[in-house]
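For the protein sequence lines, the chains are P and V, in the order given.
The first sequence stops at residue 182 when you use my numbering, and every number in between is there.
The second sequence stops at residue 274 when you use my numbering, and every number in between is there.
These are computed hints drawn from the structure, not numbers from a lab.
What you are looking at is a predicted structure, and each value in this text was computed from that prediction instead of being measured.
The reader is advised that the hints may include incorrect statements.
[Claimed, not checked] Some, not all, of what chain P presents toward chain V, calculated at C-beta under 10 Å: (1) 77; (2) 78; (3) 100; (4) 106; (5) 114; (6) 115; (7) 134; (8) 139; (9) 143; (10) 178.
[What the hints assert, rightly or not] The calculated lysine-lysine pairs, modelled on DSS-like cross-linking and capped at a C-alpha distance of 30 Å, are: (11) V/218 / V/266; (12) P/83 / V/233; (13) V/233 / V/261; (14) V/266 / P/140; (15) V/261 / V/220; (16) V/261 / P/126; (17) V/233 / V/219; (18) V/261 / V/219; (19) V/269 / V/233; (20) P/126 / V/266; (21) V/218 / P/80; (22) V/233 / P/126; (23) V/269 / V/219; (24) V/218 / V/233; (25) V/261 / P/80; (26) V/219 / P/80.
Note that the Cβ used here is the ideal one computed from N, Cα and C, for glycine as well.
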Amino acid sequence: DTGVSQNPRHKITKRGQNVTFRCDPISEHNRLYWYRQTLGQGPEFLTYFQNEAQLEKSRLLSDRFSAERPKGSFSTLEIQRTEQGDSAMYLCASRRDSPNTIYFGEGSWLTVV
Amino acid sequence: KNEVEQSPQNLTAQEGEFITINCSYSVGISALHWLQQHPGGGIVSLFMLSSGKKKHGRLIATINIQEKHSSLHITASHPRDSAVYICAVRGGGSEKLVFGKGTKLTVNP
């Protein structure tokens with residue numbers, strides 16, 4: 070059990086550029102989540118996958134955001150045409166059906182300049 | 166009004182003190198989580214509750230479904246307990262967790 074792994078851990082990008090974050094969940098965890106957290110706030114839900122199917126999406130996930138989990142293992146979160154308001158930590162989490170303890174990655178920090 | 170409210174926002178204690186952090190929520194839930202977040206971002210799940218009380222070491226979590234309220238207690242607090250403690254709830258029929266803003270705990274030696 071190597072934990073939930075996120076890459077890159079830190080990304081600084083210019084406004085308008087595209088960025089992609091990757092999440093490798095704990096193996097055999099079929100459920101995967103993406104959250105966004107800004108300073109001083111709790112995480113906010115972005116999207117949820119069960120295996121490769123994206124079953125829930127937040128209204129926060131605008132047209133510029135897309136997430137995939139093509140083979141039901143790792144997942145990517147892409148942000149197109151980044152804006153300064155996208156600066157945040159993007160957290161990935163995973164769990165299996167049972168027991169339903171949720172495990173979080175260390176997060177990917179995005180700074181848009 | 167947030168769906169999940171925590172109090173206090175900040176808490177400073179002396180080593181050895183008994184700590185209580187409160188969480189109130191306004192929606193029906195299927196589960197409530199208590200999580201710990203250290204500087205730098207990593208979040209660790211402490212408890213998941215749907216009823217009653219759970220204990221793990223010096224940590225105790227309780228939930229009152231009727232009153233829509235949960236508490237996290239830390240007995241014999243230690244400086245290494247210093248962290249942000251976050252309450253999060255999952256509503257019925259949804260996988261998303263709705264988080265409180267967190268309680269920043271500082272335990273001084």
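task = State the violated hints by number, sorted upward, taking the hints as numbered earlier in the document.
result = 1, 7, 8, 9, 12, 14, 21 and 26
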